[in-house]
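**Student:** So you can see what is in the structure, the chains are spelled out below.
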Amino acid sequence: MMRKVIGILLIVLGLGYVFVSFDFLPAIGDSSAPAHKHVSDYYIENALKDTNSPNLVTAVLADYRGFDTLLETTVMFSAGVCVVMILGSKSPLRKRYLVPKEILKGKPYGGIPAYKTVNKDVMTTLIEILILLYAIYVLLHGEVGPGGGFQAGALIALAYIVNVMVAPDIKPLFKFTKINAVAAAGIGVFIYAFTGLLTMFAGGAFLEYGKLPFPIPENDLHPVGIMMIETGVAIGVMATIITILIAIIERVRFDDDRN
Amino acid sequence: MTGIEQFLADKGIYFLTFFLLSLGIYGIITCKNYMKKLIGMNIMQVSAIIFFLSLGQKKGATIPVLLEGLTNSDAYNNPLTHALMLTAIVVSLGTTGVGLALLTRIKEKFGSVEEEEIIRRQDKL
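Residue numbers (numbering that gives the first Met the number 0), protein chains in the order written: chain A, 0 to 258; chain B, 0 to 124.
Looking at chain B on its own, in the form it has when it is part of the complex:
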């Protein structure tokens, strides 16, 4: 492998995950629609999950389910990151649910989930 290929194989995934994270932050900052802000938050969470999972990889290792006669710790991927991210996925589902519930209330109160519309109607209330 040449230098750039080696570099991409070693560190390339970090750029992709950070790009995903930046995409989520960009969506949260720029989008005027609260639903899209929620989707941006989800993208951020996914990027953190992928970051952790890629940290748990080992070269030439198998999934963390024990096989007969294979006890070498280098032969299995790191089970810790998998376990942590499993719970993180579920919690992100819970936060998304609460966010959707709040959006429902906002929609009822202001008749819209667009930010400009809400600010306009806030003055009238």
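If we strip away everything but chain A, and leave its shape as in the complex, we get:
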């Protein structure tokens, strides 16, 4: 009871604070707001010249703020490692079973749905391929249109999740073990950092794509560098999501699991 009062009080105070302080906040859509001045204008006007990437979000994400994205990918990787370490210890098998007793009491088949259609398996194979195609499109299209590495990684992971959660019986397109998934996340981060080191070896600063040691015109080097780090980010995010999924699925067993 006390908690609810405190909670409602907090909401009232918070909303009241907004009522008091909304004069500080700029009107939505006002193009002279402080957020749109200074560095944002510079990004919009010079991104094509500086980075040769029409998608401004990718230009900001991968080029101007490359360090930020590198550490963000590292955060994802360390989250995956964290999950593996938290759930890595051995525990008595009995404790791992989740038995939703109240729900299952009156139901036949022990919670497994009685309807069995072939539809689910067929549709999963179709949808998986479509999701993967779309993920590759989003990854390769990330410089000239909406898209990028994070989204592509999440989509590839979605294909895997659909496979594991919806249709565990059919043969998967690609399969990961927990160790492989963590290793893949590390490889993703490594590709990113290696791109930065490559520019350093060629005599530039860290992540200065114009100095990449490839025999192509300098104007094309920026898209190549951005594509390299986007691939790294996609692999890292995909592998991290799959790691979290596998780690939790291996540890927790529902009583309607097959094995």
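Careful, some of the hints might be misleading.
Unchecked claim - Here are a few chain A residues that sit away from chain B, every Cβ distance over 12 Å (derived from the structure):
no., residue
1, His-37
2, Gly-79
3, Met-84
4, Leu-125
5, Ile-126
6, Leu-139
7, Val-165
8, Thr-176
9, Asn-179
10, Met-199
11, Gly-203
12, Phe-205
13, Asp-219
14, Met-227
As the list claims (entries may be wrong) - Pulled a few chain B residues facing chain A out of the computed Cβ check, cut under 7 Å:
no., residue
15, Ile-24
16, Leu-52
17, Ser-72
18, Pro-78
19, His-81
20, Leu-85
21, Val-90
22, Gly-96
Everything labelled a hint here was simulated from the structure, so no lab data went into it. Backbone N, C-alpha and C fix where the C-beta goes; we use that ideal spot for every residue, glycine too.
Assemble chain B onto chain A, guided by the hints.
**Tutor:** Showing chain B alone in chain A's frame:
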């Protein structure tokens, strides 16, 4: 537009995002179930994301992908907020994953994710 309509168009989204934030905090404070607390934390993160994205909007502007012959900076939404929130979404996914892993361990140790149950069994351990 009348005054109130103008006010809602300019500042209304702030109330909605702050309401979402308060909803998340309320859920974290009041819910006794740790899973629901985690969901409340996610709602808070979403409210912060929407707040940032609405700050990045400009009236009559298009998405931040450059078009031929359109170089005016007022014609594009702010790309900075989009880039920042893109990474924030992914990091919120990572934190949720770690939270779920911790919940799994709590469930194994105490046999429940309800707060009262956990406190009751904590005395016995």
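**Student:** Determine for every hint whether it applies to the structure shown.
**Tutor:** Evaluation of the provided hints:
1. His-37: violated, 10 Å
2. Gly-79: violated, 8 Å
3. Met-84: violated, 9 Å
4. Leu-125: holds, 26 Å
5. Ile-126: Fine: 21 Å to the nearest Cβ keeps A/Ile-126 off the interface.
6. Leu-139: Non-interface label on A/Leu-139 holds, nearest chain B Cβ at 15 Å vs cutoff 12 Å.
7. Val-165: Given a closest Cβ separation of 19 Å, the condition holds.
8. Thr-176: At roughly 17 Å from the nearest Cβ of chain B, A/Thr-176 sits farther out than 12 Å, so the non-interface label holds.
9. Asn-179: For A/Asn-179, whose nearest Cβ neighbour in chain B is about 18 Å away, the distance exceeds 12 Å, so it holds.
10. Met-199: About 23 Å separates A/Met-199 from the closest Cβ of chain B, which puts it past 12 Å; holds.
11. Gly-203: holds, 22 Å
12. Phe-205: Fine: 18 Å to the nearest Cβ keeps A/Phe-205 off the interface.
13. Asp-219: holds, 17 Å
14. Met-227: holds, 18 Å
15. Ile-24: Nearest chain A Cβ about 6 Å off; hint holds.
16. Leu-52: Where the cut-off is 7 Å and the nearest Cβ of chain A is about 11 Å from B/Leu-52, the hint is violated.
17. Ser-72: holds, 4 Å
18. Pro-78: Because about 4 Å separates B/Pro-78 from the closest Cβ in chain A, which is inside the 7 Å limit, the hint holds.
19. His-81: With a minimum Cβ separation of about 5 Å from chain A (threshold 7 Å), the hint on B/His-81 holds.
20. Leu-85: Constraint on B/Leu-85 satisfied, holds at 6 Å.
21. Val-90: holds, 6 Å
22. Gly-96: holds, 4 Å
Going through the hint list in order, the structure does not satisfy hints 1, 2, 3, 16.
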